[in-house]
Each structure stands twice: as structure tokens, then as C-alpha cells.
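Protein chains in written order, with my numbering: chain H, 33 to 413; chain U, 16 to 364; chain E, 140 to 241.
A hint or two may mislead.
[Unchecked claim] Pairs of lysine to any residue residues, derived as SDA-like cross-links and limited to a Cα-Cα distance of at most 25 angstroms, are as follows:
{"id": "1", "chain 1": "U", "residue 1": "Lys147", "chain 2": "U", "residue 2": "Cys324"}
{"id": "2", "chain 1": "H", "residue 1": "Lys145", "chain 2": "U", "residue 2": "Ala164"}
{"id": "3", "chain 1": "U", "residue 1": "Lys167", "chain 2": "H", "residue 2": "Met153"}
{"id": "4", "chain 1": "E", "residue 1": "Lys206", "chain 2": "U", "residue 2": "Cys324"}
[Said to hold, decoys possible] Derived Cβ-Cβ restraints for the label pairs, each shown as a range:
{"id": "5", "chain 1": "U", "residue 1": "Thr82", "chain 2": "H", "residue 2": "Gly148", "range": "44 to 52 angstroms"}
{"id": "6", "chain 1": "H", "residue 1": "Leu218", "chain 2": "E", "residue 2": "Ala201", "range": "33 to 41 angstroms"}
{"id": "7", "chain 1": "U", "residue 1": "Leu78", "chain 2": "H", "residue 2": "Thr137", "range": "46 to 54 angstroms"}
{"id": "8", "chain 1": "H", "residue 1": "Gly356", "chain 2": "U", "residue 2": "Pro337", "range": "27 to 35 angstroms"}
{"id": "9", "chain 1": "U", "residue 1": "Pro337", "chain 2": "H", "residue 2": "Pro310", "range": "52 to 60 angstroms"}
{"id": "10", "chain 1": "H", "residue 1": "Thr380", "chain 2": "U", "residue 2": "Pro179", "range": "37 to 45 angstroms"}
{"id": "11", "chain 1": "E", "residue 1": "Lys206", "chain 2": "H", "residue 2": "Thr380", "range": "39 to 47 angstroms"}
Calculated from the structure, these hints are not laboratory results. Beta carbons: idealized from backbone N, C-alpha and C, even for Gly.
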Amino acid sequence: MRYVEEFRDPVAAQDVLRAIKDVVTEIGATKEKPVHIMEICGGHTHAIFRYGLDRLTPDGIEFIHGPGCPVCVLPMSRIDECVEIAERSEVIFATFGDAMRVPGTRKSLMQAKADGADIRMVYSPLDALELARRNPERQVVFFGLGFETTTPSTALSIQQAAREKLGNFSVFCNHIRVPPPIKALLDDPYMMLDGFVGPGHVSMVIGTHPYDFIADDYCKPIVVAGFEPLDLLQSVLMVLRQIRDGRAEVENQYARVVPEHGNPISIAAIEDVYEPRPTFEWRGLGEIDASGLRIRHAYQAYDAEEKFSVGYGAGPRLVTEPEGCACGQVMTGRIKPLQCPQYGTGCTPEMPLGALMVSSEGACAAYYQYSAADDVLEAAE
Amino acid sequence: MNMTAPIKATRLRGERVTLAHGGGGKAMRDLIEEIFTDVFQPAGDEDQARLTSDALREAGAQLAFTTDSFVVSPPVFPGGDIGKIAVCGTVNDLAVGGAKPLWLSAAFIIEEGCEFDLLRQVVASMQAEADKAGVRIVTGDTKVVERGAADKVFVTTSGVGVIPADRHLAADQIRPGDVAIVNGVLGDHGATILAARGDMALNTDITSDCQSLNGLMEAVLAVAPNTRAARDATRGGVASCLNEMAAAAKVGIVIEETALPLRAEVKGVCEVLGLDPLYLANEGTLVMFVPEDEVDAALAAMRAMPEGCDATVIGRATSGPPARVIMKTLFGGQRLVDTLVGEQLPRIC
Amino acid sequence: MCLGIPGQIVEITDADRLMAMADVSGVRREVSVACVAPAALSDLVGEWALIHVGFAMSIIDADEAEKTLEALRGLGEAQETLEAMAQGDAALAESPVTEVMS
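Please model the entire structure based on the sequences and the hints provided.
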């Protein structure tokens, strides 16, 4: 596969790994006193474990797995609202597969489907539009989920529905933005991060400038990275070199896909359809100002929250964190997944308690799936 | 053998099965005779098959008996249909245990409204595959259920075979150092079905790998008599198979990512939908453990046959952590290959 | 977050709705090219794009990809040079370590 295989070349990896090792030595980072690098994006977390990169990089680097998994950070109350909509008899509820197993306080979408709700897994919001065209007598609701990468796709779908006057299509909007939680993390007094690997696919939409505050105001390096293993290793090297040189810049390792100023058509579509909510709840992180998007008044006919009177418009909201869940601490890097008392006992991929165990991008699920016990891999080595 | 162009006029009215065809009367008899028994040609008129085989009389021979249900949707897909799978699946369950499959039963749950033509096709493929595998479909049953209570047609096959006296294939026979072989590319069936369902709107040219493997097993066992165990890597894919085998043998298993045979299109489907090919279903792919000194012979025997032409070594059993499957990634890293939780769902993140 | 994969645009399927066929390793799927549409839609055919949830989100820049790979190759060469230095060639005053990218 072009643009994939080249960036998975194990021989080239050895060179990058050697260079990483050299810089780690120059910095003087050790297992006891490591450099903390947060990969913001869950896709990067997944790739780190899938390729075993955490075990290839030297001990002096510690990866902190960031909040960049839109499924993981979705609060239980939002799943409850999905279920409420999906259980209406006139509704076909279309969703990405990722959301199916996320627990709500009552049930997951998977359980709602088993209980009789008409829930369809789709690959694209375009497929949900097609469902609406083919089922004019039903209400098709698409579960709009994801960061800035995914937001243009639902914005464009809503614009298309408006052009076609598809009155039976709406979106339950849960789109969230990357920069606000990063700022919240950087403002956390317990946070000890030395640099960031930035989200490549979010950045192809918004460009690299929205991260300027990380370098300018907080003096931390950030390198926007691609998702193949060589991309990640190279980005880690670039972060380390900034740390070594005392620089704090926004660098772009993923320039083949990420233009400096992002994608103007996508940005315009987001601006046209969505506006920031005053505040939005993140699982494990609480309410974060201006971190979520809602559908603008001009498109309210396509807003499932308006159409079915659920969600933020419907009255006071309860923050519903499952008891004993330490996702917040894991996400801010204070503890590792294995240090959570619920890990592997009260919280497993079969019966996830916390958000990070839900999606394969969640740090805990990735640990569980790929590296359940470090001693196992060490014994194998 | 196939049953196209019956000479006599059909007694079946219309084009679809109705509840009357399950009612026990003349309509049911017409359905069974015209669609099923005319093709399967069971001996005798009794409700049971009466069977005998010299192989069973051999001292120390064991009877092997297995059953499996097939509910694949859609029932017809590139490379096969539910009938072909229903025969291959049960033949393979017998074959991987070292049994020579002899007889099958076939039971059909038919949804009201199912087209006769679909049933004809399914039955013809079953008979064709049974002929190919050298087994006989000797007894069966049909039931008709209301629309919505099944998805067109479900098939259950049970199979009987004989394990010769000198054979003892079992996962607990696997020893550290034994080599893991697969007979061909992984995930074709799972990827084909995902594409054929249509709800992800993917187009590919891949076809299901469904095929009977009893001939291949016999060929391998003839030249690699100390083969330890084999498993049919169906639901849950090769990853689940390997985990079951590692657990049964209390050994570790290490596989090499670079050694996994995968078609470009299967990789494509996996990349697009965020799936792991190790967990995609197969219907004609087995994983086998062979002692080191018989590997070359086993590979040569497989590669001489169409169903094993892509046979290759994917890893080996180790004295490492027991019941764990570890993959050396193409990057030289390592990761755990765990048993799948539930079903693999397409993902965007 | 945000699974994306490079695919090649092979055909414009619906110019009005800005739809095209993308090929990912032999798997074809109709995608929207609304985010990457140039003035002449036919110019897209043959281009590689990053595909996410049925949308071509960014045209992949072949030159930038080559530059990234070049930088990676540079690391290997730098390493060889360093090894040569370590083997006693002290005459090399400055190591030509290629800066990766900015």
C-alpha cells in the first residue's frame, strides 16, 4: 500500500531508534527520571501498542496516553441520551461501530439493539443520509461523534440534507475539539509533561496553528505526527531534540497530509454548521469550556437534540461518573492503567467500567489487548 | 453432480416457500422431495440412516461426531453459499481432528418467503461439495418458520467420521519447538462477507476461501505422521485458534507478523474498517502444529494441492509464558494477541 | 482517534454531489471529495487522498512524503557516519546529522 508500507520499514526504524537512544542519553533521561511525552491522539496510542513501540523505545521515555479518543471521553449521560433517542419507534439510529459497546447508566447501544431498538452500524454519515433517503417514513438519526477530523463529514452531510430538504435526517452532535482539553491538562498543577505528539488527522483539518499556544504560552514542544510506526518514532525523535535543545515549537512531521493552515473547505463547513457550546462534559475530565460543538440555529431542523428534546437543552444535567473509576487520573498521566484498582477486575473490555477500557483506542483497552502483562512479554524476550 | 433441469414438471406452486410447506402435508412432501431428496438421494424410506463402514471395524478406530449450525448473511456470497459452508465446515471439524469424514446430516430452518431457487442453489452446492469431499448426506430435516423468525435459510449439519487407530491429534500434544503452519491466506472469508453484506458499501474482488480440507489433512498426515494438532480457523480467526491451542497445550506461541499470508484486498478492508485480520473468520484455513523435522514434508504436501498452495510457517510453540500468544511485529516489537472480546466492530477511531 | 487511510481516486462517480470512487489496496468505496474538490474535478483522478469515514479529507503531497522518507534515510546515513567516526576517523569535525523537518 502506497504511503503506508514505506512508513513501516523495520530497517529504517532501527536508525530512528538509535538516534532516539542517543538523544535520550544526551538529555540524561532514565527509567527513574524519564521524559514524559503525551501522545494526544488515541490512534497514536493504538499504534504504539500495535507495533510494540513502547517496548522498542528506551526506558528514558514514558508515554502518557492522552484524551484523544472521542468514544472514551463521552460521558455516560450522552450514551443514555442516544439510547433514549434510539428506542423511539420512529427512529433508525445510525452509528459508527465504535460507540456500540460504550456503557451508559442504563445500557449500551448494543444492549438497546438487543432490546429491539433499530440501530444500524455505518461506515460513513453518507450511509446514514442514504438510509434517510430510502426510509422516508422513518426518522434517521446519526450519532455525530469525533474530533475535528470527523466534524467536517457530518457538517457536509447536514448541508447535503438541507439541500435535499431531507426532513427525516438529523444528527445527535457530540463533536468535540482537541485544543481545549490540552489547555485544561496544561493548566492542571499535577501535570508533568515535557512534550506532545500532536494528532495528525485532526491537524489535516485545522492545521498546525491552533497548537501555537502550547509552544508560546506553555513552552512545551509539540510535533504533529502521522500514524505509521516510522511517523511516530520520527516525531518522538523531533520532540526529544526540541527538549534537548531547549526549544518549544510546533513542528509538523506529517506534512504529506497536514497543510500548515489545514483544509479551508472543511473549516468553512464546520463554521457554517456548528458553533461552540459554552461547556461540554468529558468523561474523566469533567466540564471543559468551549470544548464541544452544537448545531447552529440555522440548521436546527437537523439537530436531534432539538427534534427530540434531549441533551443540553432539556434541563439540568447530572455528571455521571462510575464509582471507583480512575480514568481521570490515567488520562492526566498521574497513574498508569495497571495502577488503577479496577483494572482487569472491575473493569475489562467485556464489562468496561471506565471510558478508557471501552474503545480499542483507550489506553486501558490497548494495555489489556496488546500488553496485558509486561512480565509476559519480558519473559518471552 | 447437480440437479439442474429436472425433467418432470414441478409440483411446487409459486416461487417461494409458504408456511404450508412446513405443515406436514402434501405441500411439505413436495418441497422435500423436489428440492432435497431428489438431490441428496438418501437410501431407503426410513426416518433414520442405517450405516456401516469397514473403517469402523478396525481395532482401535474411533468414531468422530460433530455438529455445527450455519447462519451466514447473505446466504450467497462470492466464492460460495451457505450450503457449501455447511458441508465444508463440518467436514473440516472432522478432518482437523484426524478423522476421515463419512456421513453428514443436514437440517434446514427455512424462513417463510424464501425463494425455491435459493434452496435449490444451496442444496446443489451441498451435494457438489459433499461429492468433492467424498462424504454422503444421508439424513436431514426441514422446518418452515414465520417471516422474521429466520434469515432466509439456516442450515445445521452434523458429521460422522472415523479416526484410524494410530492417530491422536490433540492440542495438548503440542510441545515447545513445534512449528505452526497455515495452509493459505488469512481472512478472505471474513472480508468477503463484510463486503458482501453491503452496509459498508465496499467493493472488492475477494472471494470466500470456503473449501473442504480433509484431502489436505490426509496428504499431510501421510508424510508428517507426528503432526500434533490442527484447528479450523473459523469464527474468531487464527488468533482465537492459537489462543485455544496455547491454553490446551500449556505452551506459549510466538508468531511473526511478517510471515502472515494476507491478500492486499484483505489488508485494505482491515485498514478501512479498522479491523485486525488475525480475527477475521476463515472457512478453509487451518492452523497446524508439526514437529520441526516434519515441517518440510508437511509444507511440500500442502503446496502440491490447490487448497494448500499458499501454505507457510507462521510461528512456533515456545516454553515461554504458557497459554499466551505473542506476535513479533514487523517492527521487531512484541505484542500480545489476545482472545477477541465479543465481535470485531468496524471503527472510525 | 480518527482512523484514516490513503486511497487513490480512480473515477468521478457523481460530479454534482462531488462523489468519487477511491481504491484502498483493491477495496473500492464511493467517497465524497467535497473537502478536496479542485475547479476541474477530473484533475482528482489518479491523486492519492487520506480517506476518513467516507470522505477524502486531504490530498497527499508526494513531495512532502518523499522529504519525510529522505529525512529518515538521512538518519541511517548519519548513523553510518557516526560509526565511522567512532572507528577512529576523528578528522570529521562536524557530524552531518540531517535535521528531520521543521
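Going down the list of hints, with the structure as the test:
1. Taken as a hint, the Lys147(U) and Cys324(U) pair is honoured in the structure, with Cα atoms around 18 angstroms apart against an allowance of 25 angstroms.
2. Pair hint Lys145(H) plus Ala164(U) holds up; C-alpha atoms about 16 angstroms apart against a cutoff of 25 angstroms.
3. The hinted pair formed by Lys167(U) and Met153(H) meets the criterion: a straight-line CA distance of about 22 angstroms does not exceed 25 angstroms.
4. Proposed proximity of Lys206(E) and Cys324(U) is contradicted: the alpha carbons are some 40 angstroms apart, above 25 angstroms.
5. Look at Thr82(U) against Gly148(H): about 30 angstroms separates their beta carbons, and that is not inside 44 to 52 angstroms.
6. Under the hint 33 to 41 angstroms, the C-beta atoms of Leu218(H) and Ala201(E), about 36 angstroms apart, fit the expected range.
7. At roughly 53 angstroms, the beta carbons of Leu78(U) and Thr137(H) sit within the given window of 46 to 54 angstroms.
8. Between Gly356(H) and Pro337(U), the C-beta spacing of about 31 angstroms keeps the proposed range 27 to 35 angstroms intact.
9. In this structure, Pro337(U) and Pro310(H) meet the distance hint of 52 to 60 angstroms, their C-beta atoms being roughly 55 angstroms apart.
10. For the pair Thr380(H) and Pro179(U), the supplied restraint of 37 to 45 angstroms holds, since their beta-carbon distance comes to about 43 angstroms.
11. About 44 angstroms separates the C-beta atoms of Lys206(E) and Thr380(H), a value consistent with the hinted range of 39 to 47 angstroms.
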